[in-house]
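J.: Given next are the chains, with one letter for each unit.
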Amino acid sequence: MQDFSASFGLAFSLIISADADLIEIIGLSLRVSISAVLLAALIGFPLGALTAVIRFPGRQALAVLLNALMGLPPVVVGLLVYMVISRAGPLGWMNLLYSPAAMIIAQTILVTPIVAALTRQVVEDMHKEYDEQFRSLCLPTHRVITALIWDSRYSLLTVSLAGFGRAIAEVGAVIIVGGNIDHLTRVMTTAIALETSKGDLALALALGIILLVLALSVNAAVYGLRASARRLSYA
Amino acid sequence: MPLEVSALSYRTEHEFVLDGISVTIENPGITVVMGPNGAGKSLFLRLVHGLLAPSSGTVHWQGRNLDLALRRRQALVFQKPVLLRRSVAANIDFVLKPLGGDYRQRRDQILLEAGLMRQRYQPARLLSGGEQQRLALARALATDPGVLLLDEPCASIDSGTTLKIEQLLQQTRDRGVKIILITHDIGQARRLADDVIFMHNGRLLEYAAAHVFFNAPASESARDFLQGRIVL
Chain A
1 MQDFSASFGL AFSLIISADA DLIEIIGLSL RVSISAVLLA ALIGFPLGAL TAVIRFPGRQ
61 ALAVLLNALM GLPPVVVGLL VYMVISRAGP LGWMNLLYSP AAMIIAQTIL VTPIVAALTR
121 QVVEDMHKEY DEQFRSLCLP THRVITALIW DSRYSLLTVS LAGFGRAIAE VGAVIIVGGN
181 IDHLTRVMTT AIALETSKGD LALALALGII LLVLALSVNA AVYGLRASAR RLSYA
Chain B
1 MPLEVSALSY RTEHEFVLDG ISVTIENPGI TVVMGPNGAG KSLFLRLVHG LLAPSSGTVH
61 WQGRNLDLAL RRRQALVFQK PVLLRRSVAA NIDFVLKPLG GDYRQRRDQI LLEAGLMRQR
121 YQPARLLSGG EQQRLALARA LATDPGVLLL DEPCASIDSG TTLKIEQLLQ QTRDRGVKII
181 LITHDIGQAR RLADDVIFMH NGRLLEYAAA HVFFNAPASE SARDFLQGRI VL
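Taken in order, these protein sequences are the chains called A and B. Residue numbering for the first sequence follows the numbering used here, beginning at 1 and increasing consecutively. Residue numbering for the second sequence follows the numbering used here, beginning at 1 and increasing consecutively.
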């Protein structure tokens, strides 16, 4: 228990002194996860909106698939990405293995189904409300989709934050494709796993505390956004 | 115009909701569609606008089948206004921007006519019910329609807003826009109608000039309706 208390003390001193290693790890974690969420939003927003608006054969099957993929096991994604980008894989020539780019790819694959499935639900609900008005205005499909995405912007920000929560807390995929290399691919979750196994609980705890603070911040941001949207009557 | 509706029917799985409606409307001005609840008025409006496909029968505008070009010359205002989650001005811009040109000047003119200039930067969904309906009407007029269709635009709004909407409709009629208006309000129908369609139980019972309909309704249902009796 004393060790535990000492670790807490060390953790706070690392945070307060803005330890260089700690800052580097946090910076890389944020860079990888934010990049992955932005890419996932670029793919997931239009994909989700298209699935919500356009009627085509297999639409329901795609919706079920997107929902199912929300629970993709990170280690499986890590393994698949590893096989594709490892030297013997089809994209081996790009030398992506054990790089932040590989981690971004893996997290994008994990987050995109979440963003797309939640976007589909949000846009589908709004489309029910707007559908007759848009059909009355004879709008082309691309205007319907862009209008729905724009008018769902507060809800879609919430969707992005949910994706960010998944990405920042993920460890299985990034440790496989990133390799947890010091000063190159070490992020908060992989560092926590490593430092815990080494018995260096101080750094692990410091990172854990920051991860918790980030998770809390994400939830607070979601709550704040919903409240703002309701206040502005955009919701 | 004219609008020619021939043997128009719409049926659900179990019954005809609209049954064999035929009418030719050649008059310009305001055609008021009246009838008790469940008469099929809103459905009739959606069918002549092409929002729904009929089970049978035809709708011709200007002798042509209802195609995209004709539908783009029409605007429909719903009973419950559907406003975008944007500012008042952005709701008008949404239909004006694709038309090109200096849309801001035209938008301000439209908002001025609708009495919404002061609220132009407010979120549209924070407006009062009456203001929301005026905005929906202003947005419909921004598309510069040849035909304006309205589904009970003054239901559940105050008399001041009703007056403002009626003035807008009269100005629109005077500009040569054909208006088809559904209303439950007999007083409003008397004030605005040039001719009247009376519907009951999915059938068209009467189509007559307003003064003829109000002075000597041909059907017993219409007489009961005008006298405020419950029409079954």
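Quick caveat, the hints were computed from the structure, so don't treat them as lab data. There may be inaccurate statements among the hints.
Below are the EDC-like pairs computed for lysine to aspartate or glutamate, each with C-alpha atoms no more than 16 angstroms apart in a straight line [unchecked claim]:
{"#": "1", "chain 1": "A", "residue 1": "K198", "chain 2": "A", "residue 2": "D182"}
{"#": "2", "chain 1": "B", "residue 1": "K164", "chain 2": "B", "residue 2": "E113"}
{"#": "3", "chain 1": "A", "residue 1": "K128", "chain 2": "A", "residue 2": "D151"}
{"#": "4", "chain 1": "B", "residue 1": "K80", "chain 2": "B", "residue 2": "D93"}
{"#": "5", "chain 1": "B", "residue 1": "K80", "chain 2": "A", "residue 2": "E129"}
{"#": "6", "chain 1": "B", "residue 1": "K164", "chain 2": "A", "residue 2": "E129"}
{"#": "7", "chain 1": "B", "residue 1": "K80", "chain 2": "A", "residue 2": "D182"}
{"#": "8", "chain 1": "B", "residue 1": "K80", "chain 2": "B", "residue 2": "D144"}
{"#": "9", "chain 1": "B", "residue 1": "K97", "chain 2": "B", "residue 2": "D144"}
J.: Are the hints correct? Go through all of them and say.
T.: Results for each hint:
1. Among the hinted pairs, A:K198 with A:D182 is consistent with the structure: their alpha-carbon atoms are about 14 angstroms apart, no more than 16 angstroms.
2. Restraint check for B:K164 and B:E113: satisfied, since their Cα atoms lie roughly 10 angstroms apart, inside the 16 angstroms limit.
3. Proximity of A:K128 to A:D151 is assessed by CA-CA distance (about 13 angstroms); at most 16 angstroms being required, the pair is judged to hold.
4. Between B:K80 and B:D93 the CA atoms are separated by roughly 20 angstroms; this puts the pair beyond 16 angstroms, and the hint is violated.
5. Taking the CA atoms of B:K80 and A:E129, the gap is near 11 angstroms; set against the 16 angstroms cutoff, the hint holds.
6. The hinted pair formed by B:K164 and A:E129 fails the criterion: a straight-line CA distance of about 27 angstroms is larger than 16 angstroms.
7. Distance restraint check for B:K80 and A:D182: the Cα-Cα separation of roughly 60 angstroms exceeds the 16 angstroms cut-off, and the hinted pair is therefore not satisfied.
8. Distance hint between B:K80 and B:D144 is unfulfilled; the C-alpha atoms sit about 21 angstroms from each other, more than 16 angstroms.
9. Restraint check for B:K97 and B:D144: satisfied, since their Cα atoms lie roughly 13 angstroms apart, inside the 16 angstroms limit.
Comparing the model with each earlier hint shows violations of hints 4, 6, 7 and 8; every other hint is respected.
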